[in-house]
Amino acid sequence: MNNSEYLKQERAAAWRDDLRKAKKNKERTSLARVKMPEAPPMERARSYVEVNSGLTPEQAINEASRCIDCANPTCISGCPVEINIPKFVKNIERGEFLEAAKVLKETNALPAVCGRVCPQEKQCEANCFYQLKLSTEPVAIGYLERFAADFEQQSGKISIPEVAHSNGIKVAVIGSGPAGLAFAGDMAKLGYEVVILEALHEIGGVLKYGIPEFRLPNSIVDVEIESLRKMGVKFETNFIVGKTATIDDLREEGFKGFFVGSGAGLPRFMNIPGENLVGVLSSNEYLTRINLMGASSQGMDTPVVRGKKVAVIGGGNTAMDSVRTALRLGAEKVSIIYRRSLEEMPARVEEVKHAQEEGVEFLTLNNPVEYIGDDKGKVKQIRVQRMELGEPDSSGRRSPVAVDGSEYIIDADTVVVSVGVSPNPILPQSLPQLKVSRWGTIEVDPDTLQSSIPDIFAGGDIVRGGATVILAMGDGRKAAASMHQYLTNQTKK
Amino acid sequence: MNKVISKHYYSENVVSLEIEAPRIAKARRAGHFVMVRVGNTGERIPLTISTANVERGTITLVVQKVGVSSRKITELEVGDEVTDLVGPLGQATHVENFGTILACGGGVGVAPLLPIVEELKKAGNKVISVIAARSKDLIILEDQIRQHSDEVIVMTDDGSYGKKGLITEGMEEVINREKIDQAVIIGPGIMMKFAALTTKKHNIPSIASLNTIMVDGTGMCGACRVTVGGKTRFVCVDGPEFDAHEVDFDEMLMRLSGYREDEIKADEQYLCVSKNKGKA
Numbered sequence: 001m002n003n004s005e006y007l008k009q010e011r012a013a014a015w016r017d018d019l020r021k022a023k024k025n026k027e028r029t030s031l032a033r034v035k036m037p038e039a040p041p042m043e044r045a046r047s048y049v050e051v052n053s054g055l056t057p058e059q060a061i062n063e064a065s066r067c068i069d070c071a072n073p074t075c076i077s078g079c080p081v082e083i084n085i086p087k088f089v090k091n092i093e094r095g096e097f098l099e100a101a102k103v104l105k106e107t108n109a110l111p112a113v114c115g116r117v118c119p120q121e122k123q124c125e126a127n128c129f130y131q132l133k134l135s136t137e138p139v140a141i142g143y144l145e146r147f148a149a150d151f152e153q154q155s156g157k158i159s160i161p162e163v164a165h166s167n168g169i170k171v172a173v174i175g176s177g178p179a180g181l182a183f184a185g186d187m188a189k190l191g192y193e194v195v196i197l198e199a200l201h202e203i204g205g206v207l208k209y210g211i212p213e214f215r216l217p218n219s220i221v222d223v224e225i226e227s228l229r230k231m232g233v234k235f236e237t238n239f240i241v242g243k244t245a246t247i248d249d250l251r252e253e254g255f256k257g258f259f260v261g262s263g264a265g266l267p268r269f270m271n272i273p274g275e276n277l278v279g280v281l282s283s284n285e286y287l288t289r290i291n292l293m294g295a296s297s298q299g300m301d302t303p304v305v306r307g308k309k310v311a312v313i314g315g316g317n318t319a320m321d322s323v324r325t326a327l328r329l330g331a332e333k334v335s336i337i338y339r340r341s342l343e344e345m346p347a348r349v350e351e352v353k354h355a356q357e358e359g360v361e362f363l364t365l366n367n368p369v370e371y372i373g374d375d376k377g378k379v380k381q382i383r384v385q386r387m388e389l390g391e392p393d394s395s396g397r398r399s400p401v402a403v404d405g406s407e408y409i410i411d412a413d414t415v416v417v418s419v420g421v422s423p424n425p426i427l428p429q430s431l432p433q434l435k436v437s438r439w440g441t442i443e444v445d446p447d448t449l450q451s452s453i454p455d456i457f458a459g460g461d462i463v464r465g466g467a468t469v470i471l472a473m474g475d476g477r478k479a480a481a482s483m484h485q486y487l488t489n490q491t492k493k
Numbered sequence: 001m002n003k004v005i006s007k008h009y010y011s012e013n014v015v016s017l018e019i020e021a022p023r024i025a026k027a028r029r030a031g032h033f034v035m036v037r038v039g040n041t042g043e044r045i046p047l048t049i050s051t052a053n054v055e056r057g058t059i060t061l062v063v064q065k066v067g068v069s070s071r072k073i074t075e076l077e078v079g080d081e082v083t084d085l086v087g088p089l090g091q092a093t094h095v096e097n098f099g100t101i102l103a104c105g106g107g108v109g110v111a112p113l114l115p116i117v118e119e120l121k122k123a124g125n126k127v128i129s130v131i132a133a134r135s136k137d138l139i140i141l142e143d144q145i146r147q148h149s150d151e152v153i154v155m156t157d158d159g160s161y162g163k164k165g166l167i168t169e170g171m172e173e174v175i176n177r178e179k180i181d182q183a184v185i186i187g188p189g190i191m192m193k194f195a196a197l198t199t200k201k202h203n204i205p206s207i208a209s210l211n212t213i214m215v216d217g218t219g220m221c222g223a224c225r226v227t228v229g230g231k232t233r234f235v236c237v238d239g240p241e242f243d244a245h246e247v248d249f250d251e252m253l254m255r256l257s258g259y260r261e262d263e264i265k266a267d268e269q270y271l272c273v274s275k276n277k278g279k280a
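Here the protein sequences come in this chain order: B and P.
Our numbering applies: residue 1 is where the first sequence begins, and numbers increase by one.
Our numbering applies: residue 1 is where the second sequence begins, and numbers increase by one.
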């Protein structure tokens with residue numbers, strides 16, 4: 001049975017039919033999209049409380065009833081992990097919240113995470129019937145996903161996906177971020193012995209060291225990791241493949257397949273004067289100190305700079321996370337400096353909105369050209385240049401052009417540089433025969449995610465250079481399917 | 001997992017710990033470092049591996065108490081577990097037969113110097129080592145360095161042992177009397193700066209092993225960046241060894257002081273709490 005047949009069959013279930021008949025479509029489409037309850041901006045901007053507080057059951061049921069359960073659910077095509085969206089939404093509508101969570105977990109190992117950090121407005125919701133045909137606000141699929149996943153986590157009745165009988169084949173996952181976790185979930189379901197090897201002392205990768213508590217609480221991530229553990233996935237921290245042991249060592253230890261999801265390691269800098277002054281740091285360093293090392297909490301040994309005037313360079317989600325973290329660390333003035341305009345910003349719309357509400361200043365069409373230090377080598381000012389938009393560049397966005405003679409100085413005692421990352425070089429360096437691009441990303445077959453070394457597959461940022469949690473997860477699932485195929489063929493030989 | 005197998009005090013503030021870490025012991029080469037974290041509130045700090053014993057499956061770290069994190073490590077006792085230990089990290093030392101080597105170690109820098117001296121000696125080099133410290137009790141691993149060197153000169157600032165004077169004076173003495181093909185410099189930032197100036201004056205190719213602030217140690221945070229030959233490099237993945245004549249030591253020293261105030265405050269607090277615990 002292919003996927004569309006499966007979806008049809010599911011849609012034909014009696015309860016779905018009854019539900020469709022229970023309300024007229026006109027009634028459904030006349031409902032307004034739910035508003036996510038949020039902590040008040042001025043309150044939350046000084047604490048680590050989660051900004052979005054989640055829908056109530058009534059709100060969720062009401063929102064779910066907006067979905068007309070289309071015959072052709074276009075929303076699914078927008079989802080990198082192909083969640084059966086109408087099925088989970090309709091389960092919410094009929095009050096079967098735990099069932100809804102189970103549906104999510106059929107294809108998504110981390111629903112509580114995705115419900116919080118996916119750019120739904122560019123994916124499922126962008127492909128919702130409401131958006132495509134009615135040009136009105138789409139069903140709040142992301143909020144509903146979070147609702148179902150949270151409900152399950154809080155219910156204490158967490159369903160563990162069914163796992164096939166062990167086939168005794170060992171596979172290793174390099175990196176415990178979203179790509180690796182998604183891969184591990186699917187492989188465990190297929191009966192593989194999955195071992196995740198993580199370089200840091202915590203499991204979760206960017207979900208732990210990168211995304212702040214106010215957007216994705218670590219406890220939420222831990223529950224999802226616990227589910228994988230219950231499915232038989234094993235975790236080993238403080239293990240750097242390519243350093244602690246090589247791929248060859250692991251082959252000798254019996255591993256038959258490898259999935260590399262080692263992420264984007266190296267932070268990029270702009271190579272402008274003064275960038276190595278004290279007080280100028282990468283967003284990776286800033287966020288890792290807070291999120292992974294707990295530097296903002298009492299009694300933790302790791303320090304962090306607590307600037308009064310903090311400037312964050314960049315316009316992505318990481319830049320928004322950094323600037324909002326600076327507020328929570330007690331900064332008096334926080335600014336985003338971004339070389340294009342608000343429209344070109346790669347950050348999720350919601351993150352920009354939240355940052356604006358919390359009082360972040362947006363210096364768009366501005367670019368730093370130099371950092372100026374005091375006599376102790378600590379940054380005190382930034383020389384900034386104004387920009388204007390020129391012709392579209394390769395990314396399709398209008399490229400920023402410097403305005404001559406527009407330089408001016410702003411004060412800043414902390415600068416967080418958040419202009420992107422390069423792939424982590426450690427694993428590729430340890431495998432000279434592995435094909436990498438000139439940017440250092442691992443080259444893979446786009447259909448199978450298999451690398452130039454047959455038993456090594458790769459996905460997420462180590463292949464894409466810099467992407468989202470959900471695209472990494474989609475890669476993990478895809479790689480699991482093709483590695484399964486590969487290993488099945490191998491054993492037949 | 002990473003149990004402390006033996007402990008040795010070189011002085012009140014300098015401790016050597018042999019730690020169970022079979023994979024690291026097997027994989028490490030001279031020049032590699034590890035990241036260490038002690039306790040769930042602990043900080044990750046980089047420490048260069050001194051020696052390793054593959055049969056015993058152990059590595060040895062030499063640690064000097066300078067702040068809370070290093071203090072916590074030195075307070076570990078035999079049988080204790082190191083909460084987190086990961087490595088070996090960084091690029092290994094490039095070893096070949098250069099000819100005559102001048103190996104310069106200051107303070108605890110002698111510990112990471114030891115495996116390099118050992119491998120360079122094995123590669124057929126003539127090795128002359130100059131080890132230095134403020135005073136006699138801070139001179140460490142002298143016998144081990146001697147074992148792998150053709151000659152050892154010991155310098156102390158106060159003259160309490162060996163010759164009185166700075167490491168550079170011992171270096172000059174050797175440089176003036178014979179041709180040196182390669183120098184290796186490891187120690188505190190300020191010592192490396194002046195040692196590098198000394199070898200530069202005599203056009204002796206030199207490498208320095210840098211120890212900077214790191215959070216993850218795997219290339220992710222960029223806290224360890226230094227300017228080498230006008231370019232920004234990451235000590236954790238590009239280093240820790242670089243051409244000593246190209247390193248901007250002044251910038252490195254400035255960056256090392258970035259968290260100094262926090263470090264002093266944290267250390268005072270930690271000592272205060274420990275003292276009170278002792279009373280109770």
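FYI, nobody ran anything at the bench for these hints, they're computed from the structure.
Incorrect hints may appear among the rest.
Have a look at the derived ranges for each label pair, beta carbon to beta carbon [unchecked claim]:
1) Glu55(P) with Gly254(B): 21 to 27 Å
2) Glu121(B) with Ala92(P): 45 to 51 Å
3) Thr448(B) with Leu271(P): 54 to 60 Å
4) Ala39(B) with Glu268(P): 32 to 38 Å
5) Lys353(B) with Lys26(P): 50 to 56 Å
6) Lys376(B) with Glu268(P): 39 to 45 Å
7) Glu226(B) with His8(P): 38 to 44 Å
8) Lys308(B) with Gly124(P): 56 to 62 Å
9) Asn97(P) with Gln490(B): 43 to 49 Å
10) Glu10(B) with Asp80(P): 52 to 58 Å
11) Arg134(P) with Val349(B): 58 to 64 Å
12) Lys26(P) with Ala164(B): 32 to 38 Å
Computed from a predicted model, the values in this text were never measured in an experiment.
All residues carry an ideal CB built from backbone N, CA and C; glycine is no exception.
Cross-check of the supplied hints:
At roughly 24 Å, the beta carbons of glutamate 55(P) and glycine 254(B) sit within the given window of 21 to 27 Å. Between glutamate 121(B) and alanine 92(P) the beta carbon distance is about 48 Å. The supplied range of 45 to 51 Å therefore holds. Our hint of 54 to 60 Å for threonine 448(B) and leucine 271(P) holds, since their Cβ atoms are close to 58 Å apart. About 36 Å separates the C-beta atoms of alanine 39(B) and glutamate 268(P), a value consistent with the hinted range of 32 to 38 Å.
For the hinted restraint 50 to 56 Å between lysine 353(B) and lysine 26(P), the CB-CB distance of approximately 52 Å keeps it satisfied. The hinted window of 39 to 45 Å between lysine 376(B) and glutamate 268(P) is violated, with their beta carbons roughly 21 Å apart. Distance hint check: the CB atoms of glutamate 226(B) and histidine 8(P) are about 41 Å apart, consistent with the given range 38 to 44 Å. As the Cβ distance of lysine 308(B) to glycine 124(P) is approximately 58 Å, the hint placing it in 56 to 62 Å holds.
Taken as a hint, the range 43 to 49 Å holds for the pair asparagine 97(P) and glutamine 490(B), whose Cβ atoms sit roughly 45 Å apart. One distance hint, 52 to 58 Å for the beta-carbon pair glutamate 10(B) and aspartate 80(P), holds here, with the actual separation near 56 Å. Range check, arginine 134(P) to valine 349(B): Cβ separation about 59 Å, and the 58 to 64 Å hint holds. Distance hint check for lysine 26(P) and alanine 164(B): the Cβ-Cβ separation is about 35 Å, which falls inside the suggested range of 32 to 38 Å.
In the structure shown, a violation is registered for the earlier hint numbered 6 alone.
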